[in-house]
Amino acid sequence: MTPAIELSGVFKAFGNTSIIRGVNLTIEPGTRQALIGPNGAGKSTLFNLITGKYPVSSGRIRLKGQDVTGLRPSEINRRGLSRSFQVTNIFPRMSVFENIRCGVLWSLGYRYSFRHRVDAAHDATERTEKVLEQLNLAARRHVPAGVLSYAEQRALEIGITIAGGADVILLDEPTAGMSHSETEHVVQLIREVTQGKTLLMVEHDMSVVFDLADRIAVLVYGEVIAHDTPERIRADPRVQEAYLGVPQGVA
Amino acid sequence: MKAADAPTAARRLAVADVGRAGVLRGYGVWLTAAVVLIVLPWVVRTGAAVPIMNQMGIAIVFALSFNMLLGQGGMLSFGHAVYFGLGGFLAAHALNLAGRGTLYLPVPLLPLVGGLGGLAFAALFGTFSTSRAGTVFSMVSLAVAELMAASSLIFDRFFGGEEGITTNRAKAPLLLGLEFTRDRQVYYLIAFWVLLAAIAMYAFSRTPIGRMANAVRDNPERAEFVGYSQRWVRYISFCAAGFFAGIAGGLFALNYEILTAENMGLNASGVVLLMTFIGGIGSFVGPILGAIVFTFLQSMLSDYTGIWLLYLGILFLATVLFVPIGMAGVLMLHAPAWRARRVGRLAGPYLVAGVCGLVAAVGVIGLLEMLHALVAADTPSGVRRLFWTAVSLRSVLPWLVFTGLAAAGALGLRWAGPRAAAAFADANRAGAGR
Chain U
1 MTPAIELSGV FKAFGNTSII RGVNLTIEPG TRQALIGPNG AGKSTLFNLI
51 TGKYPVSSGR IRLKGQDVTG LRPSEINRRG LSRSFQVTNI FPRMSVFENI
101 RCGVLWSLGY RYSFRHRVDA AHDATERTEK VLEQLNLAAR RHVPAGVLSY
151 AEQRALEIGI TIAGGADVIL LDEPTAGMSH SETEHVVQLI REVTQGKTLL
201 MVEHDMSVVF DLADRIAVLV YGEVIAHDTP ERIRADPRVQ EAYLGVPQGV
251 A
Chain L
252 MKAADAPTAA RRLAVADVGR AGVLRGYGVW LTAAVVLIVL PWVVRTGAAV
302 PIMNQMGIAI VFALSFNMLL GQGGMLSFGH AVYFGLGGFL AAHALNLAGR
352 GTLYLPVPLL PLVGGLGGLA FAALFGTFST SRAGTVFSMV SLAVAELMAA
402 SSLIFDRFFG GEEGITTNRA KAPLLLGLEF TRDRQVYYLI AFWVLLAAIA
452 MYAFSRTPIG RMANAVRDNP ERAEFVGYSQ RWVRYISFCA AGFFAGIAGG
502 LFALNYEILT AENMGLNASG VVLLMTFIGG IGSFVGPILG AIVFTFLQSM
552 LSDYTGIWLL YLGILFLATV LFVPIGMAGV LMLHAPAWRA RRVGRLAGPY
602 LVAGVCGLVA AVGVIGLLEM LHALVAADTP SGVRRLFWTA VSLRSVLPWL
652 VFTGLAAAGA LGLRWAGPRA AAAFADANRA GAGR
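Chains as they are written, first to last, in the numbering used here: chain U, 1 to 251; chain L, 252 to 685.
The following block holds chain U by itself, in its conformation from the complex:
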């Protein structure tokens, strides 16, 4: 089967500082995977490379078999990859409804059209409504996104990410800064919306990671030191060392 994401020999340096140092990683389609690692390991940078926000210094990135190295974020998104951000990244002055609709428009083929009226685009409205239902934000549809509560904004962020129907989803710390009950809610949401899709997420909350992930990749100082099932990752002494300095049980 063609891998959903395939990184081969990816390097990234900012000036003299190498952040990503030769990452090879294969994400099989239809799996939920987590990318973990200590602070500063380069997890977000790796996300930014995969999604085209930063150019790679060397190496290739393939998305569903297609080489996407050096493409712009918008072009990579059109090939079926969508992402969320560590810091909430929404359209603050537009309504909740419009935020989701922005995520829908391109995928329905509206592109840069100035011949269609968005309010008459029933397919876009329908899809938006559906996503709003999933997010439990239908009642807040007319509220400007900038005034939502933090947890709602995080949910909206996931909503924009999945609205376009991309089949490869990258989530960057979707539960960061959330309370326990909010986290549970988001995990449930992620499980729902990534049904049958490929998910790669950066996450610090280990209970979320072990709850959701089929496989876990561990990134330490810009290198993937392990990529395996949760059970084996838990038992891996190198991972324990990276996290705790001494080989022990992972937190």
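Hint data in this document are derived by calculation from the structure and do not stem from the laboratory.
Possibly wrong hints are sitting among the right ones.
Stated by the list, open to error - Some chain U residues near chain L, calculated using beta-carbon distances under 7 Å:
1. 11
2. 69
3. 73
4. 77
5. 103
6. 114
7. 221
8. 238
Said to hold, decoys possible - Here are the simulated distance ranges between beta carbons:
9. L:390 <-> U:70: 26 to 34 Å
10. U:2 <-> L:574: 41 to 49 Å
11. L:451 <-> U:86: 55 to 63 Å
12. L:659 <-> U:139: 31 to 39 Å
If you're wondering where the values come from, they're calculated on a predicted model, not measured in any experiment.
From the three backbone atoms N, C-alpha and C, an ideal C-beta is built for every residue, glycine too.
Given chain U, work out where chain L should sit, using these hints.
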């Protein structure tokens, strides 16, 4: 959930959003606008009314096109008059060609020529000006404006040097036997184009590209990650804005039958920025309001005082400092109170604050006018008529009176202002059923 926690912030954001101008939904508004435009010249019958309304119409189209950039696309241009002027010059030349019979072009279609001209140059200059947003965009727009100012000196034949390009709409062929010799005929032609352009620009804001212009304004990076190239979105908005600015320029050529390089200079670009901002960049009606009020003040004030530009500057300054949401924004803030039928409660406190403001304004204006009369030294008699009375510049009393009025008004405002604000907050309190 937390709906009640952030109503003020919500309102502030809501008025900033062009997309939710539900007021404009349906055709009723446009029909009303059409009727108003038709009857206006029969209702307002003072001598200068029709020429001023023509000027307003042109300003409305220009300001709306400017707000496609600033309000909807988040692009602050210091050179939008370039597309207005170039469209105008092309329209003037086209009209001259039509007058000589080289080109078949009936007068009513002239604004379209201006529009296409504006579009062509926006498509050209947009290739590099829209590659970046923010400060870079603003700086490039300034550079383009300078470039055109220099070009106007170099391409003498096209821009007509200091005299500019004159034209004559009476010489062009007729369409359906319509001729445009009298003011009122020109008024209806301009009104037609204003309505058409306004509808088109509103419709544009409701298309996928129009919505994505807002999205790119809010968060260009996020727009990229939902499949849209921020650069393309800006470029298309820029071209559309250039097109409508060109239409305004074409209307200008048609109305005044003369264009000079000044019409596309930095000054003209500044004026459209001022009127749009004063009206309010957050809603579709803002620029319309701004264009009407600004043009009105411009033509009225210049009859009464030599320092009218100073007053417009103060108005702009006050808008930026105290009400950056503009006039339309302030009006929309009152929408919830209006719907709850609680606007009546505001009348008293607003009236008191308004009177205080008026007193302060009279004081400040008196002082400014007296200073101006002294400095300009065009009053050898030492007497200047101010507020229907003769004021002697050389006596101390008027200075004291105006200073007193200014101070009293300011003190009154400090007292009445917070009360008006409190009344506003009270009228908007969520769920206040009293």
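A quick look at each hint next to the structure:
1. The restraint placing residue 11 of chain U at the interface with chain L is violated, with a minimum CB-CB distance near 23 Å, outside the 7 Å limit.
2. Here the hint on residue 69 of chain U is broken, as its CB sits about 17 Å from the closest CB of chain L, past 7 Å.
3. Interface hint status for residue 73 of chain U: upheld, as the beta-carbon distance to the closest one in chain L is roughly 4 Å, under 7 Å.
4. A hinted interface residue such as residue 77 of chain U counts as satisfied when its beta carbon comes closer than 7 Å to some beta carbon of chain L; here the least separation is about 4 Å, so the hint holds.
5. Taking 7 Å as the C-beta contact cut-off toward chain L, the hint placing residue 103 of chain U at the interface holds, the least distance being around 5 Å.
6. Checking residue 114 of chain U against chain L: minimum C-beta separation of about 4 Å stays under 7 Å; hint holds.
7. Here the hint on residue 221 of chain U is broken, as its CB sits about 27 Å from the closest CB of chain L, past 7 Å.
8. Against a cut-off of 7 Å between C-beta atoms, the interface hint on residue 238 of chain U is violated, since the closest Cβ of chain L lies about 33 Å away.
9. Checked against the hint of 26 to 34 Å, the C-beta distance between residue 390 of chain L and residue 70 of chain U comes to roughly 28 Å, which is consistent with it.
10. Separation of residue 2 of chain U from residue 574 of chain L is about 58 Å and departs from the stated range, judged on CB atoms against 41 to 49 Å.
11. Checked against the hint of 55 to 63 Å, the pair residue 451 of chain L and residue 86 of chain U fails, with Cβ atoms roughly 41 Å apart.
12. Our hint of 31 to 39 Å for residue 659 of chain L and residue 139 of chain U is violated, since their Cβ atoms are close to 51 Å apart.
Consistency note: the structure conflicts with the earlier hints numbered 1, 2, 7, 8, 10, 11 and 12.
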